[in-house]
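Undergrad: The listed protein sequences correspond, in order, to chains W and Z. Sequential numbering of the first sequence, starting at 1, is according to my numbering. Sequential numbering of the second sequence, starting at 1001, is according to my numbering.
It is worth saying that the hints were derived from the structure and are not from the lab. There could be a bad hint or two in this list.
Claimed, not checked - Taking CB as the label site, the calculated pair distances span: (1) W:Val-28 / Z:Leu-1025: 19 to 27 Å; (2) W:Leu-84 / Z:Ala-1142: 58 to 66 Å; (3) W:Ser-59 / Z:Phe-1118: 22 to 30 Å; (4) W:Arg-69 / Z:Trp-1141: 27 to 35 Å; (5) Z:Val-1125 / W:Asp-72: 52 to 60 Å; (6) W:Thr-235 / Z:Leu-1017: 45 to 53 Å; (7) W:Ala-39 / Z:Phe-1118: 45 to 53 Å; (8) Z:Ala-1080 / W:Ser-59: 50 to 58 Å.
Unchecked claim - Every beta carbon over 10 Å from chain Z, so not counted as near; a handful from chain W, in silico: (9) Pro-26; (10) Thr-45; (11) Val-81; (12) Arg-93; (13) Val-168; (14) His-171.
Just so it is clear, CB atoms sit at the ideal spot from N, CA and C, and this is done for glycine as well.
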Amino acid sequence: MKPRATGSVIVGVCAAVGALVLVACPAVAVEAVYPVEHAKRAFVTRVWSRVKGFFRGSSAAAENVRLRREVDALAILRGDVERLEAENARLRRGLSLVEKAPETWLAAGVLARVGGATGACDGLRVDRGSLAGVAKGAVVAVPEGLVGRVVSVTPHTSLVAPLTDPAVKAHCRVEGDGRVRGILSGGTEDALVLRSLQGSLSGASPVARARVFTSGLGGVFPPGLVIGTWIQLNTNANSVVTGEVLPAVEFSTLEEVFIRRAK
Amino acid sequence: MRNSLLQLVFGLLLLVLGAGAEDLLPRVFGVGFPVLLVLAQLVARRGAPVAFSVFAIAAGAMADALGALPPAASASFFLASAWLVNRLGFARAAAALTYPVYLVWLAVWTGACDGGIFARLLVSVPVGFATAGVVGVVYAWAERRAAFDEVG
Chain W
1 MKPRATGSVI VGVCAAVGAL VLVACPAVAV EAVYPVEHAK RAFVTRVWSR
51 VKGFFRGSSA AAENVRLRRE VDALAILRGD VERLEAENAR LRRGLSLVEK
101 APETWLAAGV LARVGGATGA CDGLRVDRGS LAGVAKGAVV AVPEGLVGRV
151 VSVTPHTSLV APLTDPAVKA HCRVEGDGRV RGILSGGTED ALVLRSLQGS
201 LSGASPVARA RVFTSGLGGV FPPGLVIGTW IQLNTNANSV VTGEVLPAVE
251 FSTLEEVFIR RAK
Chain Z
1001 MRNSLLQLVF GLLLLVLGAG AEDLLPRVFG VGFPVLLVLA QLVARRGAPV
1051 AFSVFAIAAG AMADALGALP PAASASFFLA SAWLVNRLGF ARAAAALTYP
1101 VYLVWLAVWT GACDGGIFAR LLVSVPVGFA TAGVVGVVYA WAERRAAFDE
1151 VG
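Using the sequences and the hints, build the whole thing.
TA: Have a look at this one:
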């Protein structure tokens, strides 16, 4: 075989091996595209936002002043929270209760909506991965409420399955006397579905627009995270009762989320 | 050897930029722009069987990974459509025609055969055709700039 032909064969074999690596290891593909996604996000946050700010002029300056005041107010609140946390830990030690592991919320930007060209699956890819301490199963939220959980992690990115994904299940309680509980499982951006309802059949049906929180049962999601507002009870042809919940978070417009991780 | 290496680098660049574009471009009524599918078909139009097969598998694997789809769901379809285009030779029209089939194929794989699929099928034809037009022009320009055959 001529040297030139041998070289082409070597390149071809390398390409074939590379293709097989991509098939066997999806994280490689995600990491390969990460620089492109990151560059787009950097452009939007660093350049485009400044261009928009230039044209917004005085309103941007007024918003800046308002946000500075909010940051100052939150700094004071944070001091209170730290004092209460320390007091809580001291009391738990005094009562010989197990101390909770310290945790923190890590801000992450949304890189892309997952689903490929077809939109067959739904999810968010965010720009924090295992290098930032994110682990599979971590809880993801925004100030408005719970978003979902991390289902896979690469060094620089994480894939977040939202509450609309049927694979994400959360035990919830409905605001009121706390008797109505159920398991949130799937739904759409307009309405999440609360199944396996307890308490609703014995006359404890919640009022419309009552808030729905995570109960903390199951150990996946911490208690007290807002999921949405109660809409109504539904009964299907087989007499199975489910609850309809309006999500607190608008999943399609998220630009930044917070991931819970160990401190 | 140098020509093959150039083609490999060109292919890698196409994959990364194509995947980035597919991931970042907005969806039209829930339907994204099938940049990787179009690229796999454009490469298949004139490429050698081994080269375009490898590229189609790699492009499909990228689409699977970025879309969090089951392994080989897109790779198998991309490979089949690349062979089809290579045999029949109509890359741009093929994208518009095969994209709806790809939607159905993925809906079957992922079990997402809901009522919305019919609306997406309608939208997918013009979206596929537009993607094929734009990507085809850019690809032809990039191929001319790379000028593999002149390197030798």
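Undergrad: Any hints from earlier that this structure breaks? Give me their numbers in increasing order, please.
TA: Hint check: 3, 4, 7, 9 fail, others pass.
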